[in-house]
Amino acid sequence: MEQYEPDRLSPAQVAAMRRSFTNGRAALTRRSLLRASAGGALAAGGLGTLSACGIPAAGQSQGGVPAEDRSAKEKTVNFSNWTEYMDVDDSGKHHPTLEQFTKRTGIKVKYTEDINDNNEFFGKIKPQLAAGQDTGRDIIVLTDWLAGRLIRLGWVQKLDPANLPHAYANLSAQFRSPDWDPGRAYSYVWQGISTVIAYNKKALDGVEVTSISDLLDNPKLKGRVGFLSEMRDSVGMTLLDMGKDPADFTADDYDAAIARLQKAVDKGQIRRFTGNDYTSDLTSGDFAACVAWAGDVVQLKADSPDIDFLIPDSGYMTSTDNLLIPNKARHKTNAERLIDFYYEPKPAAELTAYINYVCPVDGVKAELAKIDEDAANNPLIIPDKAMAAKSHAFRSLSSKEETEFEEKFAKLTGA
Amino acid sequence: MSTLTEAPPPLAPEAPEPKPPRRRGRWTPYWLLLPGILWLLVFFALPMIYQASTSVQTGSLEEGYKVTWHFATYWDALSAYWPQFVRSVLYAGTATILCLLLGYPLAYLIAFRAGRWRNLIMILVIAPFFTSFLIRTLAWKTILADGGPLVGALDTLHVLDVTGWLGWTAGDRVLATPLAVVCGLTYNFLPFMILPLYTSLERIDGRLHEAAGDLYARPWTTFRKVTFPLSMPGVVSGTLLTFIPATGDYVNADLLGSTDTRMVGNVIQTQFLRVLDYPTAAALSFILMAAILLMVTLYIRRSGTEDLV
Numbered sequence: 001m002e003q004y005e006p007d008r009l010s011p012a013q014v015a016a017m018r019r020s021f022t023n024g025r026a027a028l029t030r031r032s033l034l035r036a037s038a039g040g041a042l043a044a045g046g047l048g049t050l051s052a053c054g055i056p057a058a059g060q061s062q063g064g065v066p067a068e069d070r071s072a073k074e075k076t077v078n079f080s081n082w083t084e085y086m087d088v089d090d091s092g093k094h095h096p097t098l099e100q101f102t103k104r105t106g107i108k109v110k111y112t113e114d115i116n117d118n119n120e121f122f123g124k125i126k127p128q129l130a131a132g133q134d135t136g137r138d139i140i141v142l143t144d145w146l147a148g149r150l151i152r153l154g155w156v157q158k159l160d161p162a163n164l165p166h167a168y169a170n171l172s173a174q175f176r177s178p179d180w181d182p183g184r185a186y187s188y189v190w191q192g193i194s195t196v197i198a199y200n201k202k203a204l205d206g207v208e209v210t211s212i213s214d215l216l217d218n219p220k221l222k223g224r225v226g227f228l229s230e231m232r233d234s235v236g237m238t239l240l241d242m243g244k245d246p247a248d249f250t251a252d253d254y255d256a257a258i259a260r261l262q263k264a265v266d267k268g269q270i271r272r273f274t275g276n277d278y279t280s281d282l283t284s285g286d287f288a289a290c291v292a293w294a295g296d297v298v299q300l301k302a303d304s305p306d307i308d309f310l311i312p313d314s315g316y317m318t319s320t321d322n323l324l325i326p327n328k329a330r331h332k333t334n335a336e337r338l339i340d341f342y343y344e345p346k347p348a349a350e351l352t353a354y355i356n357y358v359c360p361v362d363g364v365k366a367e368l369a370k371i372d373e374d375a376a377n378n379p380l381i382i383p384d385k386a387m388a389a390k391s392h393a394f395r396s397l398s399s400k401e402e403t404e405f406e407e408k409f410a411k412l413t414g415a
Numbered sequence: 001m002s003t004l005t006e007a008p009p010p011l012a013p014e015a016p017e018p019k020p021p022r023r024r025g026r027w028t029p030y031w032l033l034l035p036g037i038l039w040l041l042v043f044f045a046l047p048m049i050y051q052a053s054t055s056v057q058t059g060s061l062e063e064g065y066k067v068t069w070h071f072a073t074y075w076d077a078l079s080a081y082w083p084q085f086v087r088s089v090l091y092a093g094t095a096t097i098l099c100l101l102l103g104y105p106l107a108y109l110i111a112f113r114a115g116r117w118r119n120l121i122m123i124l125v126i127a128p129f130f131t132s133f134l135i136r137t138l139a140w141k142t143i144l145a146d147g148g149p150l151v152g153a154l155d156t157l158h159v160l161d162v163t164g165w166l167g168w169t170a171g172d173r174v175l176a177t178p179l180a181v182v183c184g185l186t187y188n189f190l191p192f193m194i195l196p197l198y199t200s201l202e203r204i205d206g207r208l209h210e211a212a213g214d215l216y217a218r219p220w221t222t223f224r225k226v227t228f229p230l231s232m233p234g235v236v237s238g239t240l241l242t243f244i245p246a247t248g249d250y251v252n253a254d255l256l257g258s259t260d261t262r263m264v265g266n267v268i269q270t271q272f273l274r275v276l277d278y279p280t281a282a283a284l285s286f287i288l289m290a291a292i293l294l295m296v297t298l299y300i301r302r303s304g305t306e307d308l309v
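Taken in order, these protein sequences are the chains called A and B. Sequential numbering from 1 applies to the first sequence in full-length UniProt numbering. Sequential numbering from 1 applies to the second sequence in full-length UniProt numbering.
Everything labelled a hint here was simulated from the structure, so no lab data went into it. Here a beta-carbon is modelled for each residue, glycine too, at the ideal position from N, C-alpha and C. Misleading hints may appear alongside valid ones.
Some chain B residues judged to face chain A by a derived CB distance under 8 Å, without partners named [claimed, not checked]:
id, residue
1, A145
2, D146
3, L255
Cut-off 30 Å, straight-line C-alpha distance, at most; resulting in silico cross-link-like pairs (DSBU-like, lysine-lysine) [as the list claims (entries may be wrong)]:
id, chain 1, residue 1, chain 2, residue 2
4, A, K93, A, K103
5, B, K66, A, K400
6, A, K202, A, K220
7, B, K141, A, K202
8, B, K66, A, K124
9, A, K411, B, K141
10, B, K66, A, K408
11, B, K141, A, K220
12, A, K411, A, K244
13, B, K141, A, K263
14, A, K408, B, K141
15, A, K108, A, K126
16, A, K346, A, K93
17, A, K220, A, K390
18, B, K66, A, K411
19, A, K126, B, K66
20, B, K141, A, K301
21, B, K141, A, K267
22, B, K141, A, K222
23, A, K346, A, K75
24, A, K408, A, K124
25, B, K141, A, K201
Calculated from the model, a selection of chain B residues having no Cβ within reach of chain A, i.e. all distances over 10 Å [claimed, not checked]:
id, residue
26, G36
27, P105
28, S132
Generate the whole structure from the sequences, applying the supplied hints.
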């Protein structure tokens, strides 16, 4: 056995020994990392390749791009919808209204709940639609501003009125002619969404709330107020509160509304801008009051007696989720028949009784009363005249305005 | 130790090697590398090039985007969103230090003292991964709810007065404040700190501790001179595995934070999905990558450890 004498070891052996203490099989060393990062910088240096990439202009083909309609040959339709936006039976496996449709028409519905967020879904289908390819979907459901954008970009197909007799006859007047799709040439409403003020009675503890101004100014609610991260809902409600019409406002009006919200953010009045997750803040009482979607409030109210809603005197925002047929969809006629089916009062009532959103179908009230008397009398589901009069829609924006307004709203929400 | 001082086995240049087996194996390493390289090419290199290109384009959705070498996007993005960058580094840095302070004792315990409980504790460390990241973060909203037991206790103990004075919390709440975001980050990334720490601590030969004791080192000195230096690879890789993803995280800031706690990940998400300003979003991503690369390089140089794992 030789004596351990460090001096006599070669540098390589010293290194080997050191490694043996810290496990010599190190795959990633400092040197290799530094080398790798230098390599990465070099690769980024090959900028010549970069100009090859680019995003082509959206096809400005008004009227959409049809594909060969295989509806007659293939008795099927691919329906992409939001989660929890369809009636489900007690076993949780069947969608009764969809099955009725199949029974009557022989058309099988491939129903997919793959839409969670308008912006994310747009990012998902954009590459295919921009390249003029089939997305594999015959019907998609999008909120009005995004539906308007797709129509503007020429990415959805014009509907054939001949296949939509019920839809044409039964669509409620208030949804008939939005400025982004006059006369409903491209879209039909799936459900309407009302934006109202929701509050938690326990958390309010006697503080009176009647308007958006109360949310923005009442010092007793400091840090316990929520607004929605959906720009059109939050700004729309603020515009209404300021006496402006969200259907017809100028850029200055918009800036004024943003400034009003900014003031509330700066003094810590607004706690957060949220997506759908406001429901947990509201039930826990972290939000005493917030801007909320009525469909959620109907359900929250059923679970918790402390939750309630109010409609400000200045009015409330209504938006819609819309059925659209994207370019190159293979089963256009089948899709149109499905849209028409949901405009018959009976299936429409069954759907509404389950999901509790605003039903866009005239004549549904009597059918709904047979299933659920309370729902039929709930103005959040079947708006009465007084409700409908207070309803306002956000005007459609040009692409330039959209970017500009979203940018300003993003700054307001912190990024 | 004698094996170490022995010369490496001679490469035997005098005897001609039998050729066939060696020739055959010559390409094997490359074939083995091929799947990984292809994967990286398709899912890392190509998207990177695409992003780099996007960051110097201008245009709109209607007119399409063209490469115009508009490098000003970088400067504009940085000058508009530098506070979010600073905040991200600050939050991620704080969370990393907290993870180290919490994770080191635990990893030490698992490696040296846990005995037959070792596997159980390891499972407890990993178990949170069985549920979704999102759900675990949402659970923190319940834990930190206004007027909840925890916040109530902190308020009674006047801890919130101190944190409020430091600007970490606001009034008598913890949610929607910087403290909540840092707590969420620390919680979510803690296992990434513990696991590498544990692997490097576990490798330390117990006899080294005995040797240190034989040489009259107190426990603390043993830790300082033997254990900690030998665990440095774990410390470095743990801090990197925590710091790098935490800097780009946006879920915690989104769910537990407020308007004044938004991090750079939130900005990138908003620019990409809402504002549809793809060049700015791409430029922000590259600035973030460059900043992290720079910080990590400096850190590794300073920490002076050769091996990372």
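Hints versus structure:
Because the beta carbon of B/A145 sits about 5 Å from the nearest beta carbon in chain A, less than 8 Å, this interface hint is met. The restraint placing B/D146 at the interface with chain A holds, with a minimum CB-CB distance near 5 Å, inside the 8 Å limit. With a least beta-carbon distance of about 7 Å to chain A, the hint placing B/L255 at the interface is held under the 8 Å criterion. Between A/K93 and A/K103, the direct Cα distance comes to roughly 17 Å. Compliance with the 30 Å bound is thereby established for this hinted pair.
For the suggested pair B/K66 and A/K400, the alpha carbons sit about 17 Å apart, so the restraint of at most 30 Å is met. With a C-alpha separation of about 14 Å, the suggested pairing of A/K202 with A/K220 holds against the 30 Å cut-off. For a cut-off of 30 Å, the pair hint linking B/K141 to A/K202 stands: about 19 Å separates their Cα positions. With a C-alpha separation of about 21 Å, the suggested pairing of B/K66 with A/K124 holds against the 30 Å cut-off.
Distance check on the hinted pair: A/K411 and B/K141 sit about 25 Å apart at the alpha-carbon level, within 30 Å; holds. Restraint check for B/K66 and A/K408: the C-alpha separation of about 25 Å stays at or below 30 Å, so the hint holds. A hinted pair counts as satisfied when its Cα atoms are at most 30 Å apart, and B/K141 with A/K220 qualifies at roughly 22 Å. A hinted pair counts as satisfied when its Cα atoms are at most 30 Å apart, and A/K411 with A/K244 qualifies at roughly 22 Å.
In summary, the hint linking B/K141 to A/K263 is supported, as the alpha carbons are separated by about 26 Å, within the 30 Å threshold. Between A/K408 and B/K141 the CA atoms are separated by roughly 28 Å; this keeps the pair inside 30 Å, and the hint holds. About 27 Å separates the Cα atoms of A/K108 and A/K126, which keeps this hinted pair within 30 Å; it holds. At roughly 21 Å between alpha-carbon atoms, A/K346 and A/K93 fall within 30 Å of each other, so this suggested pair holds.
Note on A/K220 and A/K390: the hinted pairing holds, with a Cα-Cα distance of about 28 Å set against a maximum of 30 Å. Note on B/K66 and A/K411: the hinted pairing holds, with a Cα-Cα distance of about 26 Å set against a maximum of 30 Å. Among the hinted pairs, A/K126 with B/K66 is consistent with the structure: their alpha-carbon atoms are about 17 Å apart, no more than 30 Å. For the hint pairing B/K141 with A/K301, the CA-to-CA distance comes to about 21 Å; that is within 30 Å, so the pair holds.
Distance hint between B/K141 and A/K267 is fulfilled; the C-alpha atoms sit about 23 Å from each other, no more than 30 Å. Proximity of B/K141 to A/K222 is assessed by CA-CA distance (about 19 Å); at most 30 Å being required, the pair is judged to hold. With a C-alpha separation of about 23 Å, the suggested pairing of A/K346 with A/K75 holds against the 30 Å cut-off. For the hint linking A/K408 to A/K124, the alpha-carbon distance of about 25 Å falls within 30 Å, and the restraint holds.
Distance hint between B/K141 and A/K201 is fulfilled; the C-alpha atoms sit about 20 Å from each other, no more than 30 Å. Non-interface status of B/G36 relative to chain A is upheld: no Cβ of that chain comes within 10 Å, the nearest being about 12 Å off. No Cβ of chain A approaches the Cβ of B/P105 within 10 Å, the least distance being about 21 Å, so the stated non-interface status holds. No Cβ of chain A comes within 10 Å of the Cβ of B/S132; the nearest lies about 14 Å off, and the non-interface call holds.
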